[in-house]
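Protein chains: 4
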Amino acid sequence: MSYQSIKEAAYEANMQLPALGLVLFTFGNVSVVDRQAGVFAIKPSGVPYTQLSPDKMVIVDFDGQTVEGALRPSSDTKTHAVLYKHWEHIGGIVHTHSTYATAWAQAQRDIPIYGTTHADHLTVDVPCAAPMNDEMIKGNYEHETGFQIMNCLKERSLSYEDVEMILVGNHAPFTWGKTADKAVYNAAVVEEVARMAYLTESIRADCPRLKDSLIRKHFERKHGPDSYYGQ
Amino acid sequence: MSYQSIKEAAYEANMQLPALGLVLFTFGNVSVVDRQAGVFAIKPSGVPYTQLSPDKMVIVDFDGQTVEGALRPSSDTKTHAVLYKHWEHIGGIVHTHSTYATAWAQAQRDIPIYGTTHADHLTVDVPCAAPMNDEMIKGNYEHETGFQIMNCLKERSLSYEDVEMILVGNHAPFTWGKTADKAVYNAAVVEEVARMAYLTESIRADCPRLKDSLIRKHFERKHGPDSYYGQ
Amino acid sequence: MSYQSIKEAAYEANMQLPALGLVLFTFGNVSVVDRQAGVFAIKPSGVPYTQLSPDKMVIVDFDGQTVEGALRPSSDTKTHAVLYKHWEHIGGIVHTHSTYATAWAQAQRDIPIYGTTHADHLTVDVPCAAPMNDEMIKGNYEHETGFQIMNCLKERSLSYEDVEMILVGNHAPFTWGKTADKAVYNAAVVEEVARMAYLTESIRADCPRLKDSLIRKHFERKHGPDSYYGQ
Amino acid sequence: MSYQSIKEAAYEANMQLPALGLVLFTFGNVSVVDRQAGVFAIKPSGVPYTQLSPDKMVIVDFDGQTVEGALRPSSDTKTHAVLYKHWEHIGGIVHTHSTYATAWAQAQRDIPIYGTTHADHLTVDVPCAAPMNDEMIKGNYEHETGFQIMNCLKERSLSYEDVEMILVGNHAPFTWGKTADKAVYNAAVVEEVARMAYLTESIRADCPRLKDSLIRKHFERKHGPDSYYGQ
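Protein chains in written order, with full-length UniProt numbering: chain A, 1 to 231; chain B, 1 to 231; chain C, 1 to 231; chain D, 1 to 231.
Possibly wrong hints are sitting among the right ones.
Covered, in the sense of this in silico footprint (three residues per stretch, anywhere, with C-beta under 8 Å from a C-beta of chain A), are these stretches of chain D [as the list claims (entries may be wrong)]:
{"hint": "1", "segment": "111–118"}
{"hint": "2", "segment": "189–201"}
{"hint": "3", "segment": "217–230"}
Hints in this document: simulated from the structure, not taken from any laboratory. Just so you know, even glycine gets a beta-carbon here, dropped at the ideal spot from N, CA and C.
Work the whole structure out from these sequences, hints included.
Below you can see the structure in the form of structure tokens.
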């Protein structure tokens, strides 16, 4: 079994990160899952984007064990594994240290929903998961990061199918989606929404959140049963 | 009737948006009107700029009904239709979510006229229309957006021929002009003016507006009867 | 007499402005003087950079009268003319609306000297000339702008040979130099110095100016009699 | 002896600075050491990056004396010489005036450790060395800059092998590493960390530093004895 298809998809998706200006050096990774085979393809750790190729992608199972590949997988691999294991309907995951989204994560703040650009993708603030406790950090850190992400959504009664992006406090954003392309798209969206929210607060310190009626309207015209956005 | 001319013009004008850095993914659209035929050509909804071509443009009448084209038109089509129907002298309309202009819209603030870059194009603050009331939002939203734009200008006694740009509160900018090229030009101008005003307030919190004599001078040297800018 | 040499120099210098990211559309112009002929070559008004060529440059004398050229010269031509007439040792002038320098001009603030990047080029704050009085504005505006610039330096006892950049309050920067290349270089320097000063104040609200000993050292190692910068 | 190898390495490393957006004009330089020969290759002073070539690099000894080369070496050469002389295990040094790092240096502030992007490279705030006293400035300035850098680390009990980047107060960043490539990498890292910290404080004025457990975890997974980042 060659996993050629997810290797190529992971390669293509990873190469979108520098093209979209979302990564400096190797500060990011994308993975693509094959649900039938129970594995995902992920970027090798520390390899520059200019040296990537489909055959360098690493194949890993949902326990984070390498199944195929000569290189060590991304150091965030276990976070990806946990999310694939528990979230059955996602097809791809992206992690970046994109500048504005990371600044919000470092500030440990949710990104408030200030406008329709945000509401086109999400009906709530972009959640920021609290930093983990010291025991989790000292333990199986990247594995626990996956649970920290899942628990943050659970505590807020949010579904991973509705909310496809999160900030991990003090760290950086993770995004996902039904496909790797959608996860990459979400990584660019959270960066732009983070940048706009930062500017909005600078322009008006006491800026109110978007009102409910506009949130509903914009989200539903793009994602609702009667959506009329796209083809 | 093939509408070839406005399809090509709409294609060329749409392609200027990514070239000018005004759009992420598909967050923008340009339309070009044919007054004699009573229709306009507009970008199809959700189609990436890299996949556009003149023949993919959609032909729509001033009631927002598709006249020709295999694809669904931009979800903002009804806003364009309302403006073409009521403003007889415009030839093109642009909508973007450009970062700085959108941040001012999210902050629900007019962009104050702080310098001659602004005055070269506009003698007043860039108006920010209030967000619509909930009934308008739940109703024919994009249609009402057109009226919200027109009413904002009316309430301030501004003419659409003098003021070719507006922010829709919580949403983003719309610009227009006698031609689509002018509307695209205005979309870049409002983004730059928004960026400069943001920086100006950061550099000086209590910054005064530009004085009247300078506003007049700069606007008239570019647009007045004795203008001496351009060829 | 063909003025070919200054036309080509003015063309090359003008084309550097978009390459350096200092202009949007046509918001800028460069001129190059021929002292022997008593004329300068300047960008035509409102012509996009992509359509420029050496033969489109306009030849103007020091009273601002067109000597040769089919196109109308830049609307800022009289400002250039006044400066060439009174400042014998400059060879080129640049005017832009570059974003950060323009924001300081709009805020009507001098750019404080906060670091050695600034001191490498200038031993004082970048001066911001006050906006003109209403009579000067209503009168021969661009001509008066030249005097506003000269008077600002005079009032502060600054020499145009030491200080090769200024902000015109509410308007934007002007820079000059012994050559047009140096004037363009200074246009990029004032933009970068403006950006750094803006960030410096954001990072530390009460930031002190650079101390005298460092100002002297950095300026003199680049410009003093014992300079050891460059070849 | 031709020093061809370090000349080529210095050329390649210098050319990375404009590619990474870290320099305007000639505001930066990289050097590469040959420990056996007791010399380093450094960029010539004031030569634009577009005109560089390996044979233009200047060979200098650890007392700052030119050993080979037709051009004058970078005006910061003596700072490089001092660091090579005292720090036996570094292979390359970079100096830039990159915008955000320079703004922190101008503000004379350490860059606080706010997130894991920072902790991946450094367990402490990026130190900002105090500006020198006036005697040091008037004396052998660039030589003293080297000692100012070394003394800042000493006072804080930091090792140059752990901390590969510093800000020189009022001036700009210096970075180094076991290789010139690593030093260039660090120059990009300090710029990005500076930008993120600036944004973080803008988003949350009272933002706490990263907690110790996360600092340890991230640094050790990349640099510790059981590191699992990279290949």
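How the hints compare with the structure:
no.: 1; hint: 111–118; result: holds (count 4)
no.: 2; hint: 189–201; result: holds (count 7)
no.: 3; hint: 217–230; result: holds (count 6)
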